[in-house]
Amino acid sequence: EVQLVESGGGLVQPGGSLRLSCAPSGFTFSSYWMTWVRQAPGKGLEWVANIKQDGGEKNYVDSVKGRFTISRDNAKNSLSLQMNSLRAEDTAVYYCAREGGRDTCNDYWGQGTLVTVSS
Amino acid sequence: QSVLTQPPSVSAAPGQKVTISCSGSSSNIGNNYVSWYQQLPGTAPKLLIFDNNKRPSGIPDRFSGSKSGTSATLGITGLQTGDEADYYCGTWDISLSAGVFGGGTKLTVL
Chain A
162 EVQLVESGGG
172 LVQPGGSLRL
182 SCAPSGFTFS
192 SYWMTWVRQA
202 PGKGLEWVAN
212 IKQDGGEKNY
222 VDSVKGRFTI
232 SRDNAKNSLS
242 LQMNSLRAED
252 TAVYYCAREG
262 GRDTCNDYWG
272 QGTLVTVSS
Chain S
28 QSVLTQPPSV
38 SAAPGQKVTI
48 SCSGSSSNIG
58 NNYVSWYQQL
68 PGTAPKLLIF
78 DNNKRPSGIP
88 DRFSGSKSGT
98 SATLGITGLQ
108 TGDEADYYCG
118 TWDISLSAGV
128 FGGGTKLTVL
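Order-wise, the sequence lines are chains A and S. Just so you know, we're using the numbering used here here: the first sequence kicks off at 162 and counts up by one. Just so you know, we're using the numbering used here here: the second sequence kicks off at 28 and counts up by one.
It should be emphasised that the hints constitute simulated quantities derived from the structure, not laboratory data. These figures come from a predicted structure and were not determined experimentally. It is possible that part of the hints are untrue.
List time: in silico DSBU-like cross-link candidates among lysine-lysine, alpha-carbon distance up to 35 Å [claimed, not checked]:
1) A:LYS204 with S:LYS73
2) A:LYS219 with S:LYS81
3) S:LYS81 with S:LYS133
4) A:LYS237 with A:LYS226
5) A:LYS237 with A:LYS204
6) A:LYS237 with S:LYS73
7) A:LYS204 with A:LYS219
8) A:LYS219 with S:LYS73
9) A:LYS204 with S:LYS44
10) A:LYS204 with S:LYS133
Let the sequences and hints guide you as you build the complete structure.
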C-alpha cells in the first residue's frame, strides 16, 4: 500500500525557517517524480515544487523561488522541503504527493502538515 | 487568480448529472494532459481522472473526463450526497515550468 507521511509543520515567525519531510512507503521511491502542493486555509490547491527521480531537475512556483528548496534522498527514502524567509502568505497545509502520471499528475497524496507563519 | 479557470460552485439533485469546466491556454491544457481531483471536507485530495479521461482503479465510471482544445470537463452522473466535495483540475504549464491547478469547484448535491 502506497503511503506518504508528512512531518515538520508548526508555528514559525515571519522570516523564519522550517523543514518539512515526507516519508514514502509501499513503492519504489527512486522511480517517481515527487511534488509538494499547499493549501492555504479555506483556499484552493497551489502547486509548490517538484523534483525528478534522481534529484537532477527541480521546478518551483514563482512565489517560492529563491526561498524554498526541494530535495530528496533516495537511499533514505525521504523527500524534504526547506522553507526559508517564510511569510504570512506561506501559511498552509503542505501535501507531499507522488507523480504517478503525466504532466505532474499526482496519484497518491499524504495527509498534509500545517505550517503557520505568524508573530 | 488561478491559471486554470473553474466555476466556483455547481449544484444538482441526487441522481442527476453535473459537469465542471476547466479553462486554460495553449501553454497548459492545450498541450498537456489534464488530471482531476476530489477533495472531501477535511481530507487530502484524491485523484479522479488522469490523462484527460482515464480513471484510476477504484474510481466508479460515474466519473468521466474530456478535453477539447484549451478546455477540459469533468462529468459526474448519478449524483450522490457523498459526492459533495471540492473538485480541482490540474496540469503542467510549459511557459511557467510549473504545475497549475484550477481554483476549485464546490459541488453541492441538493
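For each hint, the structure was consulted:
{"no.": "1", "hint": "A:LYS204 with S:LYS73", "verdict": "holds (17 Å)"}
{"no.": "2", "hint": "A:LYS219 with S:LYS81", "verdict": "holds (27 Å)"}
{"no.": "3", "hint": "S:LYS81 with S:LYS133", "verdict": "holds (22 Å)"}
{"no.": "4", "hint": "A:LYS237 with A:LYS226", "verdict": "holds (26 Å)"}
{"no.": "5", "hint": "A:LYS237 with A:LYS204", "verdict": "holds (33 Å)"}
{"no.": "6", "hint": "A:LYS237 with S:LYS73", "verdict": "holds (26 Å)"}
{"no.": "7", "hint": "A:LYS204 with A:LYS219", "verdict": "holds (25 Å)"}
{"no.": "8", "hint": "A:LYS219 with S:LYS73", "verdict": "holds (24 Å)"}
{"no.": "9", "hint": "A:LYS204 with S:LYS44", "verdict": "holds (26 Å)"}
{"no.": "10", "hint": "A:LYS204 with S:LYS133", "verdict": "holds (11 Å)"}
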